[in-house]
Amino acid sequence: MKLMEYQGKELFRRVGIPVPRGEHASEAKAVGAFIAANPGAWVLKAQVQMGGRGKAGGIKFAESADEGKKIAGDLIGMTLRGIQNPQGELVKSLLVEEKVAIAHEAYASITIDRTAKKPVFIVTAQGGMDIEEVAESHPAAIAKYWVDPAIGFQPFEARRLFYAAKLPAGYGKEWPKIAAAMYRLFFEYGANLVEINPLVLTKDGRVIASDAKVDLDDNALYKHPELLAWASDSPENEDEAKAVEIGLGRSNYARLDGDIGVMANGAGLGMGTMDAIRNAGGKAANFLDVGGGAQAERVRKCYELIVSEPKVRAMFINIFGGITRADQVASGIVEALSGGSLRKVPLVVRLTGTNEKEGRAILSKAGIASVETMDEGAAKAVALAKGAA
Amino acid sequence: MIVRRDDPVLVQGITGKQASFWTEKMLACGTRIVAGSSPGRAGAQVHGVPVFDSAADAAKAHRIAWSVLFTPALATKAAVYDALEAGIRNLVVLAEHLPVHDVMAFVAEANERGARIVGPNTAGVVTPGEAALGIMPGFAENIFAPGRVGVVSRSGSLGTLMCLEIVRAGYGQSAFVGVGGDPVVGTSTAEALAAFERDPGTDAVAVVGEVGGTMEEDAADYAAGMTKPVVAFIAGRTAPPGRRMGHAGAIVSGSRGSGESKVRCLRDAGVRVLDSPSDLGPVLQSLLR
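Just so you know, the sequences run in chain order A and B. Residue numbers for the first sequence follow our numbering, so the first one is 1 and each next one is one higher. Residue numbers for the second sequence follow our numbering, so the first one is 1 and each next one is one higher.
Source of the hints: derived by calculation from the structure; they are not laboratory data. Don't take each hint at face value.
As the list claims (entries may be wrong) - Straight-line alpha carbon distances no greater than 30 Å define the calculated DSS-like cross-link-like pairs of lysine-lysine that follow: (1) B:Lys77 <-> A:Lys2; (2) B:Lys17 <-> A:Lys223; (3) B:Lys77 <-> A:Lys117.
Unchecked claim - To list a few chain B residues with every Cβ distance to chain A over 10 Å, as calculated: (4) Ala56; (5) Ser258; (6) Leu287.
Everything numeric in this text was worked out from a predicted model, so none of it was measured. Cβ atoms here follow ideal geometry from the backbone N, Cα and C, with glycine treated the same way.
Isolated chain A, as found in the complex:
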C-alpha cells in the first residue's frame, strides 16, 4: 500500500523523524482557517501519488488566509496530469506546511534489494531531484549500505553512511537519529520503501523531512490494522477493492487500456495471455487471475467484473491446469452467460485440465467457441473485438 505524503509523515512523527509543521485538510475552508490562526508563509501541497507533482501544478504558496483558501479551492477536486500519468489523478486533499528556508537538500531512502535479499540504504548529498537522474549522471555521489536483516541497523552504520554520502557537516548531529528512525519504521511497519527527498538542512540548522514516500507491504498490514483505513485514499485501490469484493487476492485484478477482457488461472498465465493478445494485434482490457480451483461461482463473478467495464468488446478465458476440473470451469462459464441482466460479450475459451473433453462438450453445447492454444485464442479474441467494433 503506497501512502500519501501526509500519511507517510504521520508515520515519520510516530518514529521520530522531524517533519515540517503543518495541517492536512480536505476542504478549502479548513485551509483558510488554519492560515488565519497561524499567520505566515505556507506551502500547499496536493496529496497525490503521481511523480512530477510540482511540474503538474500541485504545489503552491500562500501568504494569507484568503489566498490559501482560494488556491485550496482550485486544487481540491482538480485532476493533475503529468508525463508519467496522462490519465491524471484527482486531488482529494492538501497538506499545508511551513515554508522552510533551505540551506541544503539531501536524499535518503531505505528499500529492499531483491537481488541481495537485504534492505539497502541509499543516501546522497544531491537531493531534491529524481534519484534515478542522479544515479545516471553522478553514480559516485550515491552511497549504498546493505543491512543484515538478521542483525538490524547499528549506529556505526549511520555514521559510515554519513561520510560515504558526503553529507554536509550540518547534518552530522541529526542524521544518525533519523537513519535509525527510518530503519525502525521500515522494519516495524514492514515497508517496501521509506524515502525522504529532500531531506532538508534549514538555514537555522534543523534537519527536516520535507517529503515522505512510504510503501507498506500489504502482507505486513496485519501488524498495524489501524492503517487499513488509509487504503481508500489511494488511486490504485479501486481495482484492489473490486478484487477483494469477489474473493480474489488484492492484486489479482488490474484494469488496462485495451478492449479485450482476460481471465486466466495463475498470475504468469494471466500476463502471458495479455502478451499473446498484443502479439495478435490487440490490447487487453484487464489482467485477472481467477486463482486456483476456478469454481463455477468464482468464474461467474469474474466474468461480471470484467464486463462491468464498458470498453470490453470481447473476452478470452484461458484456463490451464493439471488438476483444474475443466468440466466445472465450463459449467461456471455457461452459468455466467445465462444470467439475465448480464452484458454479454463475444467469448473465446481455452480450457485444459482434468475432464477437459467433458468441459469442451459443455461449452460447445452452449455455443461457446473453444480453442486449443493460447495463440489461437488470442487471435480469435482480437478478431471478435474488431467484429464487435
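Please build the complex by placing chain B on the supplied structure of chain A, with the hints as guidance.
Chain B alone, transformed into the frame defined by chain A:
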C-alpha cells in the same frame, strides 16, 4: 535443488486439507515422504505418513533431506526456523502473501546455516519419474516425462504450460524448479541455472521469467557463460509500469525490470527468447538435434 527418488522428505503442516490432498499426489509421483508435522497432532497418520508435533521431533526419528511447507503465510516463518534448527538443508516454501521482511530474515538465516530455500510462493520442484514436492501435477503424463530439459519458472501456471510444450515436442524434463513469484526468493533463477549447468542429466534449460525485479537480467549474466543452451519466455512484456500483476514480484519500477530490459539482456547473452510458449517445441528441436 533437484529432488531425487531416494531423498527422505518431511511435509510441514501435513494435516491441512491442501497438504493432505497433495501428500497423496506427491506419494503417487514416487516421493519418499517419511514424516509429516503439525503442532499438537503427533501420533496421527496422513496417507500412512506418521505425523510429529514439529520438524525437530520428526528429524529425531528420521533422516530428512527436504521439507516442503504447506503452512499458512503467518505460520511460515516459525515453521522455517523449526526446519532449519532441525538441521534440514533443503526447504520448499509454498505459501504466498508472506511479509517480505519475514522472507529476508529466514533467507539470511538459511544462508548462515548453509541451507537452501526454494520459494516462497513457488508451485514446487519436480523430477519426473522420481519425486515431486509441492502443488505441481507431477503425475500428469502429458505434462511431465523423464527427459533432459531443465525448467526454471517464477510462475506455476506458465511453468506447467512450458512443461506441456516440452512433452508435446517429444522431450521430457530433467527437473522442474519453481523459484517463486515473490519479490524476494531464496533461490534465484541464476542459481537454478547453475544447478542445471552442473547436472549431468540436463542438456538444455527453459526459463520462464516475468516482469519485475532483475532476476532475469542476473540470469542472463550467468547464462552467457554456460555450456548448455538456454531458452526463455518472459511474461508481462505488455504490462504497464507501476501496476502489480498478481505476483507480488511482478511490478515494474525503473528501466531494469521491464520486459524489454530482460529480453535484451537475455538475447545479448545468447539466450533464445520466445515470443510465445508454443514456440518452445520447434526451438528445442533445432537446439537438441
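Hints versus structure:
1. Among the hinted pairs, lysine 77 of chain B with lysine 2 of chain A is consistent with the structure: their alpha-carbon atoms are about 25 Å apart, no more than 30 Å.
2. Between lysine 17 of chain B and lysine 223 of chain A, the direct Cα distance comes to roughly 27 Å. Compliance with the 30 Å bound is thereby established for this hinted pair.
3. Using a Cα cut-off of 30 Å, the hinted pair lysine 77 of chain B and lysine 117 of chain A holds, with the two alpha carbons roughly 16 Å apart.
4. Consistency note on alanine 56 of chain B: stated as away from chain A, and its beta-carbon is indeed over 10 Å from all of that chain's, at 20 Å minimum.
5. Against chain A, the non-interface label of serine 258 of chain B holds: every CB pair exceeds 10 Å, the least being about 13 Å.
6. Here leucine 287 of chain B stays apart from chain A, with its beta-carbon at least about 21 Å from theirs, past the 10 Å limit.
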